[in-house]
Amino acid sequence: MAWIDSLSAAQIAAGVVAGEFGATEVARASLDAVECRDAEVGAFLQVSADAALEAAARIDASRAAGDPLPPLAGVPLAIKDNMNLAGTRTTCASQMLASYESVYTATCVQRMLDAGCLPIGKVNMDEFAFGSSTENSAFHPTNNPWDLERVPGGSSGGSAAAVAAGEVALSLGSDTGGSIRQPASFCGVVGMKPTYGAVSRYGVVAFGSSLDQVGPFGRTVEDVALAMNALTAPGRDPLDGTSQEFAVDFCEHLDDGVTGRRVGVVPALMEAEGLAPEVRRAVERAAAQLEQQGAQVVEVELPHLDAAIAAYYVIGPAEAFSNLARFDGIRYGYQEEDCANLAQQSALSRAHGFGREAKRRQMLGAYLLSSGVYDKYYYAAQKARTMITRDYARAFEQVDAILMPAAPRTAFKHGELSDPTQMYLSDLYTISLNIAGNGGISVPLGLGEDSGLPVSAQLVAPAFHDRELLTYARALEVAFGAAPVAPACAQKGGELA
Amino acid sequence: MKELAEVLKDWEAVIGLEIHTELTTLDTKMFCGCTLSHDDEPNAHVCPVCLGLPGALPVPNERAIEYIVKAGLATNCQIQKRSMFYRKHYFYPDMAKNFQTTQGPVAFCMHGRLDLDVRGRGAAERPECAFGEGEASSLASASANAVGLSASMGEQMPEGASCGGAGELGLPERFDDGSYRVPIRILRIHMEEDAAKLNHLGGEEGRITAAAESLVDYNRCGTPLIELVTEPDLRTPEEARLFMEKLRRIFLTLGISDCSMEKGSMRCDGNVSLRRRGETALGTKTELKNLNSFKALHDGLAYEICRQAEVLEEGGVIYQETRHWEPSRKRTVVMRVKETADDYRLFPDPDLAPFDLSDEFIDRCASELPELPDAKRDRFEGAFGIKRADAEQIAGDPATAAFFEQAADGLAGKAAQVVANLIVNELAGYLKAAGASLEESGIAPTQVASLARLLAEDAISSNQAHEVFEAMAESGDDPEKIVDERGMRQVSDAGALQPIVDEVLARCADQAQQYRDGNQKVIGFLVGQCMKASRGSGNPKLFNELLRASLS
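Protein sequence lines correspond, in order, to chains F and H.
1 is the number of the first residue of the first sequence in the working numbering; add one for each residue after it.
1 is the number of the first residue of the second sequence in the working numbering; add one for each residue after it.
For the record, the hints were derived by calculation from the structure and aren't laboratory data.
Here the structure is a predicted model, which means the values were calculated and not measured.
Note that the Cβ used here is the ideal one computed from N, Cα and C, for glycine as well.
Watch out, some of these pointers could steer you wrong.
[As the list claims (entries may be wrong)] Residues of chain F placed beyond 10 Å of chain H at every Cβ, according to the derived structure: (1) A18; (2) E25; (3) Y100; (4) T220; (5) G257; (6) E319; (7) A325; (8) I330.
[To be verified] In silico DSSO-like links for lysine-lysine, alpha-carbon gap of 30 Å or less: (9) K81/H / K383/F; (10) K359/F / K246/H; (11) K81/H / K246/H; (12) K246/H / K376/F; (13) K383/F / K88/H.
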């Protein structure tokens, strides 16, 4: 019998539908893989074995009854711990919410469950998604399955690591400045940030409301396409006023190829300081591959991209300050004992419930929104936002997609980047998409020749052209091979009984 | 302290109002699907959104937008096609998110106007006065400061108006009867959500200070609330009260709120400052809270004007502070002193897209506007020929107006006025005493119409009408039935009454003689005797005539 990590989500669902194995066996195999691998990887904060087995039993019962099965029947799913799933803790990897139990389920999670996924558990992240390494988790770090001494990236580090380690076939992450695409790159898996508004944010604990977007991780492009279908097919979510109708079958044109398509590369980004030569060479090879498959590679400019990080560190903290104001230790979450009065209770609960980076961002946001300062920074950041959006619009008059690195380098070691501003720069290639709102996907290109660690390219398309992204990603997958499970983890537990 | 009238001879009061109205007639809250109801068990109507649970997102209530647009149209505001929601931050447990969703520099409704008609005693409180040059603009900017907004929030200024361009301050128009009409400018009406209700137990007077525990009821949290801010155009407590009454009548007619000041679904804060008559610079203002009835609004402002005058006349200084009106002790006390402006860190709510109201939407709202109280009053006065004051009172309450139209259907002049009198006196008095609404009372327009007919036909006297009305309201019986059963029908047949007159004159020979000797007053006694003898059923006017004829 096969190991669970040797199967893609599509293969698992097909196997369950065909009766080659039951969803319950899949659930057990996935839980066993977590049991055997996660002590080293540390992707999971909480394993929801009962919920996974219950969901599996329902699928097996449906099949026994001859009912039609949903498209992701029996596929093990890991959920970033900023997404509500009723009956589980949703901690955002923060002491503030260490014991907070969800009373409702996020739309994105519910849609994955409705599509047949098994909720294996909740996975680690940087506290409230503030970070690029998952080192800001209040509970424990997560290790990169390719090299346990290294970080998995972040903030959705647990989501990327769980898929790379083969513990689950799919996971959900959220991306505010690169938090899906950068860890996908560090862990060598496919990670997609859809266009803002494509996936409902209802039930996902907000960091930056105008930047946050939920997306899937998988080891194959097809798996990510299936997840995108699950997330968008039911239509726009009436519970999220910013979500939009996105009626597209993401699996339909996967193998259309790139013949005649115009793919842009941005010279300034390829020559940026801090871009590792192995990453640059890999992205150049990707461009060459696309050209070989019939695409036309064109140079384009994105002149205001250097303003993206600055704009992001105004808009992000400002919105975070506002969104995190509700965590005051009064109704739920960490509550300081024996306080003299209300003001002291919320002040001390916040002082002791939040970690350093969470406090840093909120203080920054509180400052940026204060009167007299607001006009200077927030207003300027909104202007920069308009300019960057316009840059992309101009570029997309010349090309259908843009190819660039997903991260400037491969995974770094724990503790290697101690200066927060250095950490902020690791989002150089991803942040502008959150500013502009259009979608991007991180696609593995194999291992870098210098580090021996996964390297990825990022593809970017105009807003709501997300389906096309998957076609380009598929073209690269054909050329570079699908993402393997990290060798140190493969076939360690998780045999399908 | 001096009396208000005396103070206002030397001082001019500059008053602005901030009026919050809960849109209680909506089914659901502003940003979630929870039922709007404040009377149920605490926290019976809550959900992740209005509790501010992690991950919850707001979705605006479209009907609430419709309501505020109607409120704006009915108060002559310019409806802003593009406006946004903002987040206003403050840490307090009555707002689960620790920010209130409200609007920024551009509200749905900007720059409106209502005209007030001030009559009677209150009209004397505003002596003829000339307004200084440039006053309007200085007032407009002062009021913009009052709501804590700067024009540079990265949002476009409202359509059809430059910064602070609320139009000129209008002059009052005097009429021969001493009354006057004055336009009051409305700065804006914006949409926001109400906070939760805090119940402080064990402390003094329900305040948080020294409370043993404080409980939060989130049923009210997220209730759609509209805030109207006037320009500081009001000059007397009477004008403030009339403005509030007029606004309430309009909102009731629109059906957007139950407008209960008692229950707090309509609340008013007043800003007031004084300046010497003839001066144009504004004095330091105080903000008054707890003005939760028309009387409190009037009396609180009147007290505060007199207090400020006394302080100023004694050479003292007015501090910018918030004061609490204590109706029982008839005074205002300091709640808090505002030394610096609070920093609410207002910024556009990223969870709520900017609103782009279409012309079709605004046109539809306009087409759905009911006849407003002023228009209705004019129509009642013109078509039915009833007194203007009665027309105004009846037109001000939609249920009463509809009731009147049915009861007075086909009537005009005196007959219609009889119906109006019954409604203004008997019906209003009965409902107030019974504490019931018109609907709850079960009284039908046809009943009042019948009663009016009995009165107009002299079948009953106006004293009897009161008795019949009470009986009708209690029993639900028709007036004719009550009159017949109680033998109240007034006899207006001279032939039937003459024997009673003869009998009384025979019995009261002394009084009859007094009359003949020139004492006209004694006729009243004789009419009374006739009424008594007829057990109240005789027509007193006819008795009077018959007595005079018999005695001449």
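We went through each hint and held it up to the structure:
| no. | hint | verdict |
| --- | --- | --- |
| 1 | A18 | holds (37 Å) |
| 2 | E25 | holds (33 Å) |
| 3 | Y100 | violated (7 Å) |
| 4 | T220 | holds (29 Å) |
| 5 | G257 | holds (37 Å) |
| 6 | E319 | violated (6 Å) |
| 7 | A325 | violated (4 Å) |
| 8 | I330 | violated (5 Å) |
| 9 | K81/H / K383/F | holds (22 Å) |
| 10 | K359/F / K246/H | violated (50 Å) |
| 11 | K81/H / K246/H | holds (26 Å) |
| 12 | K246/H / K376/F | violated (43 Å) |
| 13 | K383/F / K88/H | holds (22 Å) |
In terms of the numbered hints stated before, the structure departs from hints 3, 6, 7, 8, 10 and 12, listed from lowest to highest.
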